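Undergrad: Here's the letter readout for the chains.
Number of protein chains: 2
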Amino acid sequence: VKKILFPVLIVMITWQASAQDVQKIIGSIFNSALTDRSAYNNLEYLCKHAGGRLAGSQASVRAIEYTREALLRAGADTVWLQEVTVPHWVRGYERCTISSAVNGSKNLSIAALGLSAGTDTLGISAGVLEVQSINELKNLDKSKIEGKIVFFNRPVDNTLVNTFSGYGNAVDQRISGASEASRFGAIAVIVRSVTQFIDDYPHTGVTHYEGGVKKIPAIAVSTMGADLLSNWLKSDPSLMVHMVSTCTTLPDTVSWNVIGELRGTSKKNEFITVGGHLDSWDITEGAHDDAGGCVQSIEVLRLLKSTGTRISRSVRAVMFMNEEMSASGGREYADIAAEKGELHYAAIESDRGVMSPRGFGFDAEGSRLKRLKSLSKYFLPYNIRDFDKGGSGADVGPLKELGTLQIGYIPDIQRYFAYHHSVNDTFEQVNIRELQLGSAAIASLVYLLDHFNY
Amino acid sequence: VKKILFPVLIVMITWQASAQDVQKIIGSIFNSALTDRSAYNNLEYLCKHAGGRLAGSQASVRAIEYTREALLRAGADTVWLQEVTVPHWVRGYERCTISSAVNGSKNLSIAALGLSAGTDTLGISAGVLEVQSINELKNLDKSKIEGKIVFFNRPVDNTLVNTFSGYGNAVDQRISGASEASRFGAIAVIVRSVTQFIDDYPHTGVTHYEGGVKKIPAIAVSTMGADLLSNWLKSDPSLMVHMVSTCTTLPDTVSWNVIGELRGTSKKNEFITVGGHLDSWDITEGAHDDAGGCVQSIEVLRLLKSTGTRISRSVRAVMFMNEEMSASGGREYADIAAEKGELHYAAIESDRGVMSPRGFGFDAEGSRLKRLKSLSKYFLPYNIRDFDKGGSGADVGPLKELGTLQIGYIPDIQRYFAYHHSVNDTFEQVNIRELQLGSAAIASLVYLLDHFNY
Chain A
21 VKKILFPVLI
31 VMITWQASAQ
41 DVQKIIGSIF
51 NSALTDRSAY
61 NNLEYLCKHA
71 GGRLAGSQAS
81 VRAIEYTREA
91 LLRAGADTVW
101 LQEVTVPHWV
111 RGYERCTISS
121 AVNGSKNLSI
131 AALGLSAGTD
141 TLGISAGVLE
151 VQSINELKNL
161 DKSKIEGKIV
171 FFNRPVDNTL
181 VNTFSGYGNA
191 VDQRISGASE
201 ASRFGAIAVI
211 VRSVTQFIDD
221 YPHTGVTHYE
231 GGVKKIPAIA
241 VSTMGADLLS
251 NWLKSDPSLM
261 VHMVSTCTTL
271 PDTVSWNVIG
281 ELRGTSKKNE
291 FITVGGHLDS
301 WDITEGAHDD
311 AGGCVQSIEV
321 LRLLKSTGTR
331 ISRSVRAVMF
341 MNEEMSASGG
351 REYADIAAEK
361 GELHYAAIES
371 DRGVMSPRGF
381 GFDAEGSRLK
391 RLKSLSKYFL
401 PYNIRDFDKG
411 GSGADVGPLK
421 ELGTLQIGYI
431 PDIQRYFAYH
441 HSVNDTFEQV
451 NIRELQLGSA
461 AIASLVYLLD
471 HFNY
Chain B
21 VKKILFPVLI
31 VMITWQASAQ
41 DVQKIIGSIF
51 NSALTDRSAY
61 NNLEYLCKHA
71 GGRLAGSQAS
81 VRAIEYTREA
91 LLRAGADTVW
101 LQEVTVPHWV
111 RGYERCTISS
121 AVNGSKNLSI
131 AALGLSAGTD
141 TLGISAGVLE
151 VQSINELKNL
161 DKSKIEGKIV
171 FFNRPVDNTL
181 VNTFSGYGNA
191 VDQRISGASE
201 ASRFGAIAVI
211 VRSVTQFIDD
221 YPHTGVTHYE
231 GGVKKIPAIA
241 VSTMGADLLS
251 NWLKSDPSLM
261 VHMVSTCTTL
271 PDTVSWNVIG
281 ELRGTSKKNE
291 FITVGGHLDS
301 WDITEGAHDD
311 AGGCVQSIEV
321 LRLLKSTGTR
331 ISRSVRAVMF
341 MNEEMSASGG
351 REYADIAAEK
361 GELHYAAIES
371 DRGVMSPRGF
381 GFDAEGSRLK
391 RLKSLSKYFL
401 PYNIRDFDKG
411 GSGADVGPLK
421 ELGTLQIGYI
431 PDIQRYFAYH
441 HSVNDTFEQV
451 NIRELQLGSA
461 AIASLVYLLD
471 HFNY
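Going down the list, the sequences are from chains A and B.
For the first sequence, the numbering used here gives the first residue as 21, with consecutive numbering after it.
For the second sequence, the numbering used here gives the first residue as 21, with consecutive numbering after it.
Please note that a few of the clues may not be correct.
Pairs count within a copy or across copies, as identical chains cannot be separated in the list.
Keeping only pairs whose Cα atoms sit at most 27 Å apart, straight-line, the calculated DSS-like set for lysine-lysine is [said to hold, decoys possible]:
id	residue 1	residue 2
1	K409	K393
2	K325	K162
3	K397	K409
4	K325	K126
5	K254	K287
Bear in mind the hints are in silico, worked out from the structure with no lab data behind them.
None of these values were measured; they are calculated from a predicted model.
Next up, chain A with everything else stripped away, as it sits in the complex (with noise of 0.2 Å):
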């Protein structure tokens, strides 16, 4: 018996330090989270001195520059600047009022969609047609849409506990709605915000034109203002909006994505990305959407580097420009990686909001997703245990052409459409816990697929 126990008592023995040491590196990563407030003090000045980062604006050079410094400070071996072509859309005056016999006149809370085409100064005025959806849209008889604003309304279902489900069930009324009405000869659209919460606040977003369509006006409304708009169109089918956004598209510009690298320990030449997108539309200081996401990765480097944690791999941060827009910065990655044949073993987004971390999504399957699943372990000390088959975000996306394992940085995900696109996603709507903890989660992960090599 003694024969026999001897080498299994051993290797437990070895095993279990081994799983001990990982759990400590991973609760020294915490510790050092949980008592700097330098991701923090980023986040400030990403949201209040160079809030409004859409691509092309002054403001996302600022933060460009800023976060250049950040990744510096934070103890990368290298930072550099990658060049991106970027989309130049500029939001003019806007207004939009409505005017019924019956209920008199009310503005609305209003902001022009991202690459919508503008009105002139004068605005146009016209008949409203309220509809749900695209398809109920296409249904209609064409002279009922002639000459209208289109008026898309439905709400995003509040039953779904997944609140991007019910974000991305209802924002093809955003992303297509202009397009789709404009076919039918409607004269602007305005579209319901898309966000659970009933609020005065228009949640922007970006809308795309199919190749050989007139270009017409699309405005986002407040929830608050569509189902105003709603009542007064059942009392007063009549009624008339005077709309007017002096919105103009310049011709596309130049941005940069914003690179942070610390080298690795052996394979130097095998990349783990990290990253958050740092434009953000120009009505709201992006906080949750996405500057978190960026000061997040931003401290990736400086928890692994303070803690002296020993990373194979180099890991990089990166602040990818325009998102919002097209994606182009993450598709530039990818595109430059593909050219130099690097070897990226994996990338992390983080683009869900700055809320309690709750796990990870993977693309992975069988047995290499039960592997990645099993890492949850070490993250239940922190209570953060849904690690989950999921997928990762429209920056890091494009890796997944080199073989990248893609993975989404998952948190609580309940508030996140409050604050989304609107001028309430403030610095302020973000708990510093909350974002540390992030932080500390994505760094911990960082190290453990360096360290079990998935």
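Guided by the hints, dock chain B onto chain A, whose structure is given.
TA: Okay, now just chain B, sitting in the frame of chain A:
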């Protein structure tokens, strides 16, 4: 083979149908919660129209009357008030100024501790002795303490992921600091606010004097104020503080628990209690602490009633009075239950804020705990996974003497102490979905506890 398989299949189909039915009922509860605003509207009333609901105050009376009506609206079969004796402490004028020959003069953000003794209107002036703990104080020469204002300045340990543990490890300074300092001849105490966050809000809370000690004034100072005072003391140990706090303790008075009952379908004389506390500190709307727990408890009745969920036992939603100063409401509720010989099957307390639901803590052991934990499977569609051993809370705690299963509702707790006992605990800091999901989780657990018998 057919002979064996047939009954096995029947049993499997029956069992599956049952599990599906259970899941369907829980689904209907969540759907109803996520599409109804009455709990949120009730919360708004309690925060905005009956804020500062300290036991014995006029605001608390408005809250009692409002929740009595809200319970009837929610569908309670019976609603009644239960008399509770409560302390009657009233805040006065309060100010605290540092005067330093080196640094000048500065007012601190302060709030008297609940039940603390006051000063006269002229206040008191004295030098300041900073300590990190009661133990440090006890080891000092009494001569160093006499005539001084003792400043307890031990921060909460931010590396503890469980914020309630961090709070628990630091709150002794607030609860016993004044009493202990008084023994050594101090004339007042200033206590660093017990919170993980650096802000300029004083976070108040109760203090207790041991019998026989002189009751000396006690105030909380904001964490920013505490850091400032500590820094000034380093450059000028002889600085003086002038403190005014004209709070008074009046004779005990009468208040009420508010109880709404939904009669059980068969075991009418067995009870499941869900509850929160209706009182709050006087300086705050008390949205997270604990108007949220109250409106969630009311909502549990509405959800069970409106979805037609059959519960064999009677379900009581209880708004406990005076949790903050001496928890006399919870004590009274259990005492009356004991007097009447009532059978209290289970009790769930919601008093950890209104963040996204994470799970429940069960005060159970062995196979019973294991069975309770297995209920988590029904909550997987809602990402509610933390079913662990744990406690209930100050209000339903006394029911343990009757053998009642004690359960605490556990939301995400990272940002709770940013609000706790401060003016920052407002209606605006509550997200409607996080509130709704919590109500649905508690109502679902009530149904499951009743359905499966633990």
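Undergrad: Hint by hint, note whether the structure agrees.
TA: Hints and how they fare:
no.: 1; hint: K409 to K393; in the structure: both (8 Å within a copy, 24 Å between copies)
no.: 2; hint: K325 to K162; in the structure: neither (63 Å within a copy, 47 Å between copies)
no.: 3; hint: K397 to K409; in the structure: both (16 Å within a copy, 18 Å between copies)
no.: 4; hint: K325 to K126; in the structure: neither (56 Å within a copy, 40 Å between copies)
no.: 5; hint: K254 to K287; in the structure: neither (66 Å within a copy, 49 Å between copies)
Of the numbered hints listed earlier, those contradicted by the structure are 2, 4 and 5.
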